[in-house]
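Novice: Please model the complete structure; the sequences and the hints are all you need to start from.
Protein chains in written order, with the numbering used here: chain A, 1 to 238; chain B, 239 to 476; chain C, 477 to 697; chain D, 698 to 918.
For the record, the hints were derived by calculation from the structure and aren't laboratory data. Each hint should be verified, as a subset may be incorrect.
What the hints assert, rightly or not - Reference listing, derived: stretches of chain C covered by chain A, where coverage requires no fewer than 3 residues with Cβ under 8 angstroms from a Cβ of chain A:
hint	stretch
1	588 to 601
2	637 to 646
3	672 to 678
Computed from a predicted structure; not experimentally measured. We put the beta carbon where it would ideally sit given N, CA and C, even for glycine.
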Amino acid sequence: MNKVYKDALSALEGLTKDGITIMSGGFGLCGIPENSIAALNKLGVQNLNIIANTCGVDGFGLGILVDAKQVKHVTTSYMGENKEFGRQYLAGEIEVEFTPQGTLAERIRAGGAGIPAFYTKTGVGTVVAEGKEHKIFNGETYILERALRADIAIIKAWKADEEGNLVYRKTTQNFNPQMATAATITIAEVEEIVPCGEIDPDHIHTPGIYVDRIFKGSFEKRIEKRTFRKREAITEIA
Amino acid sequence: MNKVYKDALSALEGLTKDGITIMSGGFGLCGIPENSIAALNKLGVQNLNIIANTCGVDGFGLGILVDAKQVKHVTTSYMGENKEFGRQYLAGEIEVEFTPQGTLAERIRAGGAGIPAFYTKTGVGTVVAEGKEHKIFNGETYILERALRADIAIIKAWKADEEGNLVYRKTTQNFNPQMATAATITIAEVEEIVPCGEIDPDHIHTPGIYVDRIFKGSFEKRIEKRTFRKREAITEIA
Amino acid sequence: MAWTREQIAARAAKELREGFYANLGIGLPTHVANYIPEGMKVILHSENGMLGMGPFPYEDEIDPDLTNAGKQTISELPYSSYFSSAESFNIVRGGHLDLTILGGMEVSQHGDLANWMVPGKMAKGMGGAMDLVAGVKRCVVVMEHINKDGEPKLVKKCSLPLTGMRVIDMVITSHGVFEIDKHGNGPMRLIELAKGVTLEDIRAHTDADYIVALKEEKVAA
Amino acid sequence: MAWTREQIAARAAKELREGFYANLGIGLPTHVANYIPEGMKVILHSENGMLGMGPFPYEDEIDPDLTNAGKQTISELPYSSYFSSAESFNIVRGGHLDLTILGGMEVSQHGDLANWMVPGKMAKGMGGAMDLVAGVKRCVVVMEHINKDGEPKLVKKCSLPLTGMRVIDMVITSHGVFEIDKHGNGPMRLIELAKGVTLEDIRAHTDADYIVALKEEKVAA
Chain A
1 MNKVYKDALS
11 ALEGLTKDGI
21 TIMSGGFGLC
31 GIPENSIAAL
41 NKLGVQNLNI
51 IANTCGVDGF
61 GLGILVDAKQ
71 VKHVTTSYMG
81 ENKEFGRQYL
91 AGEIEVEFTP
101 QGTLAERIRA
111 GGAGIPAFYT
121 KTGVGTVVAE
131 GKEHKIFNGE
141 TYILERALRA
151 DIAIIKAWKA
161 DEEGNLVYRK
171 TTQNFNPQMA
181 TAATITIAEV
191 EEIVPCGEID
201 PDHIHTPGIY
211 VDRIFKGSFE
221 KRIEKRTFRK
231 REAITEIA
Chain B
239 MNKVYKDALS
249 ALEGLTKDGI
259 TIMSGGFGLC
269 GIPENSIAAL
279 NKLGVQNLNI
289 IANTCGVDGF
299 GLGILVDAKQ
309 VKHVTTSYMG
319 ENKEFGRQYL
329 AGEIEVEFTP
339 QGTLAERIRA
349 GGAGIPAFYT
359 KTGVGTVVAE
369 GKEHKIFNGE
379 TYILERALRA
389 DIAIIKAWKA
399 DEEGNLVYRK
409 TTQNFNPQMA
419 TAATITIAEV
429 EEIVPCGEID
439 PDHIHTPGIY
449 VDRIFKGSFE
459 KRIEKRTFRK
469 REAITEIA
Chain C
477 MAWTREQIAA
487 RAAKELREGF
497 YANLGIGLPT
507 HVANYIPEGM
517 KVILHSENGM
527 LGMGPFPYED
537 EIDPDLTNAG
547 KQTISELPYS
557 SYFSSAESFN
567 IVRGGHLDLT
577 ILGGMEVSQH
587 GDLANWMVPG
597 KMAKGMGGAM
607 DLVAGVKRCV
617 VVMEHINKDG
627 EPKLVKKCSL
637 PLTGMRVIDM
647 VITSHGVFEI
657 DKHGNGPMRL
667 IELAKGVTLE
677 DIRAHTDADY
687 IVALKEEKVA
697 A
Chain D
698 MAWTREQIAA
708 RAAKELREGF
718 YANLGIGLPT
728 HVANYIPEGM
738 KVILHSENGM
748 LGMGPFPYED
758 EIDPDLTNAG
768 KQTISELPYS
778 SYFSSAESFN
788 IVRGGHLDLT
798 ILGGMEVSQH
808 GDLANWMVPG
818 KMAKGMGGAM
828 DLVAGVKRCV
838 VVMEHINKDG
848 EPKLVKKCSL
858 PLTGMRVIDM
868 VITSHGVFEI
878 DKHGNGPMRL
888 IELAKGVTLE
898 DIRAHTDADY
908 IVALKEEKVA
918 A
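Specialist: Listed below in structure tokens is the structure:
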């Protein structure tokens, strides 16, 4: 059972067809599966259903698939500043389901954990609650939210071992660990693949059982908002 | 906000009274909060409601509290080989709610995550499902399970920094990370307290926000079933 | 005369306490961090998966793998921790944060908040705002007292789509500070006036029901 | 004549495949690990929070922080990982394990399993068994064909409290191997006979409805 693939195209081979649902990790442009996104663009697969917290920017990240009109439906918490996505949305060319960020994360986790639905207070009294079952627990009202699953999850980690055990770095973790659990096939692109035994088993964020295919990618890691302070300046807190 | 306490008794000071609910981490005798259990025994607090995967053995772990008849009710997945627990249970001196191990873990997680209830397939068609709401999702039947919370969680980790960020070692993790999130006050006993900055922030299992009080304990780490193989022997798999 | 945006942020910082775990929204709320009193430890949560958010990095330490929920590059502190979005929102939804400070378009007298979409304009999404107001122990809104069309933002009932219903505990506007009993049906309580703002100014620019309950020692900043 | 416990375990090991993630229950199922074919990689899950469970440690490497779900001291392998009980049961409940092998007291012809309590005797709890049978892709039971009182354990309907309803795919007893269509209403299918067991033996000791569908090449071990 070799999980290691040469590159994104070989890892995606035989898995894609028009109309499939894809979960894509990342928050803004941080921790996104750049290589798998580019490969999906190259493969030209159409009518994609995308589940992602944000949809990249014009010309980068998932924005590439939006620009190429490969996306039919998006489940997301925030569209970001992507102009072409906005244009397609307003023109009715792309459907969008907005789901609160925490509810999105939990719906994905539930999808991977065999939990078809859970109750949350998030969104009660808002458009998000419309049409959903309401239930009172201990005097407070909650709504029922449903699990999400995908055909393929494309995720980004820092390191993998050959078993597919993954380690993330800093805030690149975000949606990647849960998406890894919630798809029929999970493809992880990483900066380094190491032999089994090189990662301390207490440091593993995503156990290899969730990961079907891995490959070493090359990463531009574009920065969305480059903020910094001067060495001389008084410390300003972000 | 100093989270560091001298020992178990000082960490528990002002928190205990008869009839409170306590979550206690560990699986068998692995990763249990030995020091806090001993302190609860010393304090003589009565009528405890215990939430724990197992209840120790006669004379060790939670068995100490059972032996001293300090326990009124237990929510657990497995009673283990504890004879005195069994005797009190059969005599009606102690109430037991059996909940499947995975459901127990998830109920605790839900309690810490603001999720009052979730659906699961575990237990459908068994006594566990009796009296619970049933619901069909995608043609399959699930039951509704409720979140669990406690007044105090007593947990065991390997290392803490002064902020209360925790790291566990090997299979001592078990129920500890979720219990840390699901109580009004969480007390973590550890083998070592290090200054902030000494634990790589990517290696932290439990962020300090979940942890109110920490202390350095001393640990017997009794082994329940000491199994091993001979160096000369052919490898036998556990 | 009224509070500037920076003065609003400075006033909001007074809601922080030693050891608080807090989430500051994007925009004006972010500025509150600049007014954390010297020596007070406040642990900032970034909903993309971090506790202990540090200041902007030095230019030569910028790391594309370390950004905040506003997608800005940031730095870590000795007590920082990283985790997944699922864990991050367990922290939010589970009521583990002591305080969140958010921007607002409208706040109703019973604590409803609207801050994520304007009908007719393109909605960009609610991000984590609905989770924060539903989960965090105490929710404070910082905003101008009136909108660009000169209309009150403190209203009897929100006209915009809600972010949360009965979720806001306090509003700090350019004109003053209002407390809300989000579980009751009483009016807001005006507890502080901004420098140079009169009760008449408030009356003229507030749609919400409120009572004047100024705390003498706290008048003006 | 029938299969010994070790022969049952050896037969069960034939249900493993290269790369499988599997959970072996306490007792007889644990022995299946001894029969994993040389060179086949099977990753064992221990529900207390580990994947890649290794063999018993050498005596001088015993670590009280490393035990399995049976509370035995074990060892780790180069590809092992540790995690919480919540994560461990996401793996179970979420259908990520390929196979679980469990002991049984009774199995019904439609795949109901009873293996956790006997009325009148003290129940010790179901542990992770209900989660495993509800979540794992394929569930195999290994057990004696008849109980200590000489009664059949393969039954039309379980008399003991259930661990799961319509959850078992295969039963390997001391007498043979039975397939179950847990979603249908047909009888069990007897596909293999243990060495020395006759169809008459099966008939005499089986309460469940079954059909004989022996696979020629697989008769006997």
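Novice: Counting residues of the stretch 637 to 646 of chain C with a beta carbon closer than 8 angstroms to any beta carbon of chain A, are there 3 or more?
Specialist: Coverage by chain A holds for the stretch 637 to 646 of chain C (6 residues, Cβ < 8 angstroms).
Novice: Quick check: do three or more residues in the stretch 672 to 678 of chain C have a beta carbon closer than 8 angstroms to a beta carbon of chain A?
Specialist: Coverage by chain A is violated for the stretch 672 to 678 of chain C (0 residues, Cβ < 8 angstroms).
Novice: Are at least 3 residues of the stretch 588 to 601 of chain C within less than 8 angstroms of chain A when you compare beta carbons?
Specialist: holds (count 5)
The structure fails hint 3 only (numbered hints given earlier).
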